[in-house]
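Student: What follows is each chain in one-letter form.
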Amino acid sequence: MILALEMPLIRRLVPMFIALIVVVGTIEMIRRRKLREEYAVLWLAASAVLLVFAIFPQLVIYLQRLLKVNYLTIIVMACFVFLGMIVMHFATVITRQAEQIRHIAEQMAIMRQHLKELDASADAPSPPTGVENT
Amino acid sequence: MTEAANTNQRARILILIPAYNEADSIRGVLEDLHAHVPEADAVVIDDGSWDETADVAESMGAIVLRLPCNLGVGGAMRTGYVYAHEKGYDVAIQFDGDGQHRADQIQQLLAGVREGGADLVIGSRALGDGEYRFPLARRIGAKLVAATAFVVIGRWISDPTSGFRAASRRMIAFFARHYPQSYLGDTVEAFVMAARHGMSLREVPARMRTAEHSSISSFRGLFHTFCICLAVLVDRIEKKFPEIPENSRRKKTTPDEQG
Chain A
1 MILALEMPLI RRLVPMFIAL IVVVGTIEMI RRRKLREEYA VLWLAASAVL LVFAIFPQLV
61 IYLQRLLKVN YLTIIVMACF VFLGMIVMHF ATVITRQAEQ IRHIAEQMAI MRQHLKELDA
121 SADAPSPPTG VENT
Chain B
135 MTEAANTNQR ARILILIPAY NEADSIRGVL EDLHAHVPEA DAVVIDDGSW DETADVAESM
195 GAIVLRLPCN LGVGGAMRTG YVYAHEKGYD VAIQFDGDGQ HRADQIQQLL AGVREGGADL
255 VIGSRALGDG EYRFPLARRI GAKLVAATAF VVIGRWISDP TSGFRAASRR MIAFFARHYP
315 QSYLGDTVEA FVMAARHGMS LREVPARMRT AEHSSISSFR GLFHTFCICL AVLVDRIEKK
375 FPEIPENSRR KKTTPDEQG
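Residue numbers (this note's numbering), protein chains in the order written: chain A, 1 to 134; chain B, 135 to 393.
What the hints contain is simulated information worked out from the structure, not anything from laboratory work. All values reported here derive from a predicted model rather than from experimental measurement. Among these hints, one or two may not hold up.
Computed spacing ranges between beta-carbons, pair by pair [what the hints assert, rightly or not]:
hint, chain 1, residue 1, chain 2, residue 2, range
1, B, Phe357, A, Leu35, 37 to 45 Å
2, A, Met16, B, Arg330, 34 to 42 Å
3, A, His114, B, Arg330, 31 to 39 Å
4, B, Ala271, A, Val52, 52 to 60 Å
Heads up, the beta-carbon is just placed ideally off N, CA and C, and yes, glycines get one too.
Start from the sequences, fold in the hints, and give me the full structure.
Tutor: Given below as structure tokens:
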């Protein structure tokens with residue numbers, strides 16, 4: 001474990017490059033209004049973490065020693081955690097939207113009935129303050 | 135509690151009938167209701183049916199709420215409660231569109247709300263003379279669900295899955311906001327939620343017709359029972375809803391954006 005400081009340059013550049021792509025991509029998606037800020041937070045956070053690890057690869061070595069697992073395991077674990085967070089986030093968004101859809105559907109049903117009642121009373125004779133065009 | 139439901143002026147009653155493709159039975163149901171409780175209004179909540187349920191109900195003079203998509207029984211029921219709440223009804227009766235419930239049993243439910251002062255009155259098949267016969271598996275399932283509910287709310291409800299109920303004004307306001315939308319066991323979750331939020335429950339004996347189409351196999355029945363029990367236990371750990379402030383809308387906080 002002496003190679004902590006003599007990490008090959010490519011190993012530091014690749015994660016940095018990936019992190020940058022994610023950041024730029026996310027911001028570009030927001031700019032084009034294809035992604036709302038509230039859903040972009042997780043992606044930006046993930047790329048920030050990636051960037052930190054790219055700049056300070058010693059952190060990975062440290063984690064490795066702390067958890068007593070090898071390098072690849074840490075990467076895979078990090079990916080799983082991130083994907084898990086994304087899925088969980090989507091699940092909460094779906095739950096919220098399902099509730100909103102339910103609300104809209106029931107309001108629509110009630111308004112449709114209101115409208116029918118209004119139409120019926122408009123057709124009925126002698127509206128009290130209606131404008132008669134005779 | 136229900137000060138508006140005094141006897142000096144007639145309580146306004148709304149019968150909520152959720153219906154999904156019930157064109158064959160809805161006519162009989164509405165005739166039954168008209169014969170036995172002519173003073174009540176009936177609202178059929180058409181849960182996105184593709185048959186002529188809504189048209190039949192309309193031709194019978196019922197109020198029809200047509201949902202644009204299928205929300206499930208719970209969703210349809212809440213729609214009915216929202217309507218009852220907006221129109222200021224004093225009592226709402228839950229009544230199935232498939233002809234299982236009997237209109238001549240409604241008076242018992244109403245008495246429970248009016249004289250008994252209960253917020254939610256449940257018509258129970260298990261009380262009374264009990265000519266209603268469940269298959270054994272169903273009976274065991276019902277007992278399990280009742281036991282689970284007992285653990286959560288400390289009250290024994292003998293017929294937890296009965297959908298034949300009456301709700302007071304207070305209960306209507308609550309259900310208009312929070313009626314469980316689960317696919318199964320919305321009936322159980324509804325009274326568990328009600329009890330947890332300080333509503334008074336009462337059970338009265340009620341006769342029902344035997345549903346002829348018991349298409350659920352006992353294995354699936356067992357699975358459903360398990361799901362319902364689980365849902366009820368989850369209700370136990372759910373946060374309680376805040377008290378209902380009159381005339382206020384729910385607020386949603388959105389993360390503030392930078393300009």
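Student: So which hints don't hold here, by number, going up?
Tutor: Result: hint 2 breaks, nothing else.
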